[in-house]
Amino acid sequence: MQAVNQCRFCGETLNYTFVDLGMSPLCESYISVQQLNAMEPFYPLHVYVCGACFLVQLKQYVSQQEIFTEYAYFSSYSNDWLKHAERYVSMATERFALGPSSLVVEVASNDGYLLQYFVEHGIPAFGIEPAQNVAEVAIKMGVPTRVEFFSESAARLLVLEGKSADLLLGNNVLAQVPDINDFVRGMKIMLKPEGVITMEFPHLMRLMEENQFDTIYQEHFSYFSFITVEKIFAAHGLTLFDVEELPTHGGSLRIFARHSENTCREISLRLPALRAREEAAGITQLGSYGYFTEKVKETKRKLLDFLISARRQGKSVVGYGAPGKGNTLLNYCGIRTDFLDYTVDRNPYKQGKFLPGTHIPIHGPEKITETKPDYILILPWNFKEEVMCQMSCIREWGGQFVVPIPEVKVYR
1 MQAVNQCRFC
11 GETLNYTFVD
21 LGMSPLCESY
31 ISVQQLNAME
41 PFYPLHVYVC
51 GACFLVQLKQ
61 YVSQQEIFTE
71 YAYFSSYSND
81 WLKHAERYVS
91 MATERFALGP
101 SSLVVEVASN
111 DGYLLQYFVE
121 HGIPAFGIEP
131 AQNVAEVAIK
141 MGVPTRVEFF
151 SESAARLLVL
161 EGKSADLLLG
171 NNVLAQVPDI
181 NDFVRGMKIM
191 LKPEGVITME
201 FPHLMRLMEE
211 NQFDTIYQEH
221 FSYFSFITVE
231 KIFAAHGLTL
241 FDVEELPTHG
251 GSLRIFARHS
261 ENTCREISLR
271 LPALRAREEA
281 AGITQLGSYG
291 YFTEKVKETK
301 RKLLDFLISA
311 RRQGKSVVGY
321 GAPGKGNTLL
331 NYCGIRTDFL
341 DYTVDRNPYK
351 QGKFLPGTHI
361 PIHGPEKITE
371 TKPDYILILP
381 WNFKEEVMCQ
391 MSCIREWGGQ
401 FVVPIPEVKV
411 YR
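Just so it is clear: in the sequence shown, position 205 is 205 by my numbering, and no numbers are missing.
There may be inaccurate statements among the hints.
Have a look at the derived ranges for each label pair, beta carbon to beta carbon [said to hold, decoys possible]:
#1 Gln390 <-> Ile139: 26 to 32 Å
#2 Glu298 <-> Val33: 21 to 27 Å
#3 Asn37 <-> Ala280: 50 to 56 Å
#4 Gln34 <-> Ser90: 24 to 30 Å
#5 Cys389 <-> Leu304: 27 to 33 Å
#6 Glu385 <-> Ser316: 22 to 28 Å
#7 Cys389 <-> His359: 28 to 34 Å
#8 Pro365 <-> Gln313: 23 to 29 Å
Bear in mind the hints are in silico, worked out from the structure with no lab data behind them. Positions of the beta carbon are idealized from the N, C-alpha and C atoms, including for glycine.
Work out the full structure: start from the sequences and follow the hints.
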């Protein structure tokens, strides 16, 4: 567990609050019917910013094993995310000249959503995934997968087995690592001398600009700016040589890293440009972080105003999706079945269960056509276009979509 009040990267004492979202349950711990009357643990969602390295972070209250050994998130249930993965594979294969003699390794490879495309291209791929239930899906699809948490010690053993990577990647895993130094040391060990690392993660600057407070939950230990992640990688002998800004998850970064001693890949001009933009946005000034809390409170007020007004008018409101971000939003705002009749999700693993904390029931998407609600609150707002396309049938009875972030907006 994380030392009390110490930054998980640099060890500085944590004295500065970024935002305090109160108490919340683990966002991917869905409740069965048998568990409805059992005790449910809640943990503080009090986020700090380090005054030395500006890493925004939660303290660790539960172990990785408690969160990720059995996991409810399957990447393949989002069509947009599959397209994103396929585009990445095409780009990486061409840019890094990958072929039958290469090895691609993905950390936190989930259900094989991405590596399946490398396999289709005849490029050897290997996944590392801690959740047994998720890894089994990947293995059945023909994606070789090791069930374990990635770490420095795991990397050393994999290298002894001949699994050094030409391309080592991780999508939305960096935030979920409690010991960030151990994790990055492991990547350094796993990477071949001329190899490349790519990592994707939500961009802190966009989180702050777009008021994306619902992306904060116990499973996400850290929230990264480019400036801070560059320091973390440099501390472990890895140099960032390129960066891309992506629309995924409300605004993400894809960083490209190499061994610092490998000077074959020149550093892109995009790095100093992004660094300058972050500095202009106040990422390296503690005062810039103090304004976030009031923005969060105002979003809560506006969402509750909308829901109270809709209910008083006799309108029915349901949710779409059961994502981790939705559970942060609903628990922070105190939204339960008094406001939201139910939610739906395409993932059969979640159907028939209840959202953590709020105990809102989760059904299959067909429930919406059965009950014909007036409003659908889109909880995975980062996929709003995909959801509105999938559920366009609600317009037949005058139904409307509601997106809560960055502020409440109704789509007809």
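Tested hints:
Distance hint check: the CB atoms of Gln390 and Ile139 are about 28 Å apart, consistent with the given range 26 to 32 Å. In this structure the hint that Glu298 and Val33 lie 21 to 27 Å apart at CB is violated, the actual value being about 37 Å. For Asn37 paired with Ala280, a C-beta distance near 52 Å keeps the hint of 50 to 56 Å intact. For the pair Gln34 and Ser90, the supplied restraint of 24 to 30 Å is violated, since their beta-carbon distance comes to about 45 Å.
In this structure the supplied range 27 to 33 Å holds for Cys389 paired with Leu304, their Cβ-Cβ distance being about 28 Å. Taking 22 to 28 Å as the suggested C-beta distance range, the pair Glu385 and Ser316 conforms, at roughly 24 Å. For Cys389 paired with His359, a C-beta distance near 30 Å keeps the hint of 28 to 34 Å intact. Restraint check, Pro365 to Gln313: a C-beta distance of roughly 25 Å satisfies the suggested window 23 to 29 Å.
Checked against the numbered hints above, the structure breaks hints 2, 4 and satisfies the rest.
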